[in-house]
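With chain A's structure known, arrange chain B on it following the hints.
Protein chains: 2
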Amino acid sequence: MKQKLIIVTTILFFSMVTFAQQALFGGAPIVSPEVKPDHTVTFRIQAPTADSVQITGDFLPPVKMKTQWGVMDVPGTANLNKDEKGIWTFTTQPLGSDLYSYTVIVDGFKTTDPNNVYIIRDVASVFNVFMVGGGKADLYMVNKVSHGSVTRRWYNSPGNGMQRRLTVYTPAGYETSKEKYPVLYLLHGAGGDEEAWIALGRASQILDNLIAQGKAKPMIVVMTNGNVIQEAAPGESNMGYYKPSFMIEHTMDGLFEETFPDVIKFVESNYQVKADKADRAIAGLSMGGYHSLHISRYYPNTFDYVGLFSAAIIPNEKVTSKVYENIDKTLETQMKNGYKLYWIGVGKTDFLYKNVTEYRDKLDKMGMKYVYRESEGGHTWTNWRVYLSEFAPLLFR
Amino acid sequence: MKQKLIIVTTILFFSMVTFAQQALFGGAPIVSPEVKPDHTVTFRIQAPTADSVQITGDFLPPVKMKTQWGVMDVPGTANLNKDEKGIWTFTTQPLGSDLYSYTVIVDGFKTTDPNNVYIIRDVASVFNVFMVGGGKADLYMVNKVSHGSVTRRWYNSPGNGMQRRLTVYTPAGYETSKEKYPVLYLLHGAGGDEEAWIALGRASQILDNLIAQGKAKPMIVVMTNGNVIQEAAPGESNMGYYKPSFMIEHTMDGLFEETFPDVIKFVESNYQVKADKADRAIAGLSMGGYHSLHISRYYPNTFDYVGLFSAAIIPNEKVTSKVYENIDKTLETQMKNGYKLYWIGVGKTDFLYKNVTEYRDKLDKMGMKYVYRESEGGHTWTNWRVYLSEFAPLLFR
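Quick note, the sequences are listed as chains A and B, same order. Okay, so the first sequence: first residue is 1307 according to the working numbering, each after it adds one. Okay, so the second sequence: first residue is 1307 according to the working numbering, each after it adds one.
Heads up, a few of these hints could be off.
Which copy? The list can't say, so a pair holds if one copy fits it or any two copies do.
Claimed, not checked - Lysine-lysine pairs mimicking BS3-like chemistry, simulated, CA-CA at most 25 Å apart:
(1) K1442 with K1549
(2) K1624 with K1635
(3) K1523 with K1391
(4) K1342 with K1388
(5) K1571 with K1484
(6) K1660 with K1370
(7) K1370 with K1675
(8) K1549 with K1388
(9) K1450 with K1549
(10) K1668 with K1624
(11) K1571 with K1450
(12) K1549 with K1391
(13) K1549 with K1342
(14) K1521 with K1450
(15) K1391 with K1416
(16) K1549 with K1523
(17) K1486 with K1523
(18) K1580 with K1646
(19) K1671 with K1642
(20) K1484 with K1580
(21) K1521 with K1675
No lab work stands behind these hints, which were simulated from the structure alone.
Chain A extracted, bound-state conformation:
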C-alpha cells in the first residue's frame, strides 16, 4: 500500500515540471501579496543576499518624473524591510477597492514577484496584479453568478488582406437561447490588443456581474485588435514569440476605421445578433476612444450608443485618410441621424483633459448632445474599468 501512495504522491510532484522544488523543499511557503481584512496589503520577497528590495505599483503615492514630454506622474516605490529569515516585507496603508498592479526591484533588477502567479502583460512589460474588494472591484471579481463564454476567434478582414484575431464575450445562456442579442464593440488603447479588455479591463467579469444583477442587458461584447498591421496579439500570430513594442503604423491613420465594417459583417453573419443601429454600441479607451469617435461619425447611421473613455480626439495632421475629411460635417450628419447615447468620460488629471474639453465645446456649439462623466485621476485602467461599469448599464434601453 505504501508503494502505491508513493506513486500517487510522486505523480503530483512530477507534473510540476520540477519547477517548484523551492516550495516543496525550502521551508514554509511565502504568501505575497496578502490582502488583509482591513484592506492593507503585505508583500513578501525572499531575497536573503539582496541589499535592497523595493516594489513599485499604482497603489503607492505617485512621483513626478521629468520626461521629454513634460513632467508626468509615475507610480511610486516603497522600500521593503528584511527580517531575520531574509524575507523582505512591506505593508501598505488600507487601500480602496480596485485591481492594482506592481513589480519588484531587487538590487536594481526589476521583475515580477515570484510568489504571485497572477501576471498581466501590457506592451513589453509584465507585472503582477491583485484585487482589493469591498467596493468597485467587487464587479471585477469572478462571483457566484452565471458566467458568459469568452472565445478567441479569427475573422476574415478583406480590407486588411488578412485573417485577424478577436475576442468575443457572449453572455450566459447565449448558446442555448433562440434570442438575438445587441452588440458592444469595445476597443483598446495604443499598445493594447484583443486581450487588453479581458486582462486589465476585466470586461467579462464586469459584464457577468452587471447582467446577473439585472443592471445591464445581456449583450455580446466584441474586442478587436486595433493595430491593423497585426494579425493578433504578440505570441498569437505567426510572428512567434517576439518582444512586443508599440504598434504605431496604421493605428491612427484611418485604416482601422475604414476596415471596421469587416468586423461588423463578421459578427452579424456569425452570431445571433440584432443587426440594427439600436442594438449596436461602440466604445473604447484612449486610442480606442478615438477609433470609436471616428468610426461612429464616418458610418454616421450605424451606432445608437457611443462611449469615449479618455479619448484621443484629433488625428495627426500628416494623416491623409478620407476617414478624417469632413469631420464636422459627418458629426453633423451623425447628430441629425440621431442616437440614444453619446457618452464622454475623462479624468481630471488626464493629459487629454484639455483636448476632451475642446471637443465638448465643439459639440456644445453644434448642439450635439452627450452625457459627460468627469472622474478623479488620469489616464488609467482604474478609470476605464469604472467607465465600462457605468456605461454598460446604459446600453440598449
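Leaving out everything else, chain B in the frame of chain A:
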C-alpha cells in the same frame, strides 16, 4: 502641427500604464531570449549590481537531486557572465526543436526574465517560455493556416453540484459548417487545470496545424478541469487570486470519473457533434491518463479511441469508490465491446515506466490490444506534446 504629434506620441506613452519607463528611458532595449538561426539561444539579464546571475531550464543538462522520493532529475543551471554594461549573458549549445521553459536566479532570488513577456503558470510557479523551430516545435507554432476557436465556457455539473469551467477548441470552419464533428476529451495531469493543454500543451496550435496539413480530421477538443473540488483554474473562480497549490482531494478517488458523463452530456447537447462511440476519443497525461483509463473502462462502450500518455495506472488502495471495483472485469467488457485504438505512450526514464510496463503485461495476458509508443525522456510536456501530435492523426479514421 507639432502639438498634435505630441498628443499622439503621448497617448502611446501613457497607455503603458507607465510601467515601461525603463525601456523608454534607459538605453537600448534588451532582447532575451534571442533564438538564433543556428538554434543557439542567448539570454540577457540587466542586473549591474548583482553578484551572480543564473538561469535554470529544461534545455540545460539535468542534475540529480536527492529527495524523499529518491534521486530525481531536475533542470540544470547555467551561470551568466557580466559584460561592461552590467548585462549578464549566456548562450546555449544548439538546441533541438521544442518549447522550452526557464527561470532566472539573481543573487539567489528566483524569478522570471523581465525581457521575456511569454510566461506560463504551472501550479504555484511561473516561468518563461520560448520555442526553437525547424522540427517538432513547428507544430506548436501559430502558422499561416486557418485557425480554430478557443472558448472558455461554463457547464453545469449536477454530479459535483456546481458550475464548472472548461476549454473547448473548435476547428476552423466549425461555426459556419452544418457538419457534425467528432470529439476528443483531453485531460491534464495533477496540478493542472482546464488551461494546461492550451498553455504548455499547445493543443490548439497542434490541432490547427495537423488539420491544415490534412494529417488529422477536424475535431472538437474538450479540455476539462480534473480537480473536481475546483470550479475553475486558479484566478478564474470566486476563490479570487489565491496562491495555487496541488489539488489532491478528490482528484484520483473516482469522483471525476463518476461525474464525467456531465461533461459528455453538456458537449453533446451544446455542440454539433456526432454523439456515438466511433466519434469519441479520450486521452490524458499522467493523472489524466489515469482518468482516461478508468473512464473508458467504467463506461466500457463509450470511446472508440483511448490515449494514455505517461499514465498513472493503479488507484490508491485507500480509495473506496465503486469506480475502481472490478477493474479487470470492466477492462474485459471494454475489450469485448470493441474499440479502434488503445494507445499507450511512455518515456524510457519516466518514473511510471515500470507501472506502465506492468499494465501492458496485464493487457497482453488478457489479449487486449493496444498500440505502444516508447519515447526517450521522462514525465515531461516535451513528450506529451509529441504524443498528442502522434495520437491526434490516428483518430476518427
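Now for the hints, and whether the structure bears them out:
1. Taking the shortest Cα distances, K1442 and K1549 sit within 25 Å of each other only across copies (23 Å), while inside one copy they are farther apart (34 Å).
2. With identical chains, the CA atoms of K1624 and K1635 are at most 25 Å apart within one copy only, with a shortest distance of 20 Å there and 77 Å across copies.
3. When the C-alpha separation of K1523 and K1391 is checked against a cutoff of 25 Å, the pair qualifies neither within a copy, at 53 Å, nor between copies, at 56 Å.
4. In this assembly of identical chains, K1342 and K1388 lie within 25 Å of each other by CA distance solely inside one copy; the values are 20 Å within and 41 Å between copies.
5. Taking the shortest alpha-carbon separations for K1571 and K1484, both the intra-copy value of 20 Å and the inter-copy value of 20 Å come in at or below 25 Å.
6. When the C-alpha separation of K1660 and K1370 is checked against a cutoff of 25 Å, the pair qualifies only within one copy, where the shortest distance is 20 Å, while the shortest distance between copies is 63 Å.
7. In this homomeric assembly, K1370 and K1675 never come within 25 Å of each other (Cα to Cα): the closest approach is 37 Å inside a single copy and 71 Å across copies.
8. In this homomeric assembly, K1549 and K1388 come within 25 Å of each other (Cα to Cα) only across copies, at 22 Å, whereas the closest approach inside a single copy is 34 Å.
9. For the identical chains of this complex, K1450 and K1549 are inter-copy neighbours only, at 20 Å across copies versus 37 Å inside a copy, given an alpha-carbon limit of 25 Å.
10. Within a single copy, K1668 and K1624 get their C-alpha atoms as close as 22 Å, which meets the 25 Å cut-off; across copies the closest is 75 Å, which misses it.
11. With identical chains, the CA atoms of K1571 and K1450 are at most 25 Å apart between copies only, with a shortest distance of 23 Å across copies and 34 Å within one.
12. When the C-alpha separation of K1549 and K1391 is checked against a cutoff of 25 Å, the pair qualifies only between copies, where the shortest distance is 21 Å, while the shortest distance within a copy is 37 Å.
13. With identical chains, the CA atoms of K1549 and K1342 are at most 25 Å apart between copies only, with a shortest distance of 14 Å across copies and 36 Å within one.
14. Taking identical chains as interchangeable, the C-alpha atoms of K1521 and K1450 lie at most 25 Å apart only when both belong to the same chain, with a minimum of 16 Å there against 42 Å between chains.
15. With identical chains, the CA atoms of K1391 and K1416 are at most 25 Å apart both within one copy (22 Å) and between copies (16 Å).
16. Taking the shortest alpha-carbon separations for K1549 and K1523, neither the intra-copy value of 39 Å nor the inter-copy value of 34 Å comes in at or below 25 Å.
17. In this homomeric assembly, K1486 and K1523 come within 25 Å of each other (Cα to Cα) only inside a single copy, at 12 Å, whereas the closest approach across copies is 32 Å.
18. When the C-alpha separation of K1580 and K1646 is checked against a cutoff of 25 Å, the pair qualifies only within one copy, where the shortest distance is 16 Å, while the shortest distance between copies is 45 Å.
19. In this assembly of identical chains, K1671 and K1642 lie within 25 Å of each other by CA distance solely inside one copy; the values are 15 Å within and 82 Å between copies.
20. Within a single copy, K1484 and K1580 get their C-alpha atoms as close as 12 Å, and across copies as close as 22 Å, so both meet the 25 Å cut-off.
21. Proximity of K1521 and K1675 under a CA criterion of 25 Å is satisfied intra-copy only: 24 Å inside one chain copy versus 58 Å between copies.
When the structure is compared with the earlier hints, violations turn up for hints 3, 7, 16 and for no others.
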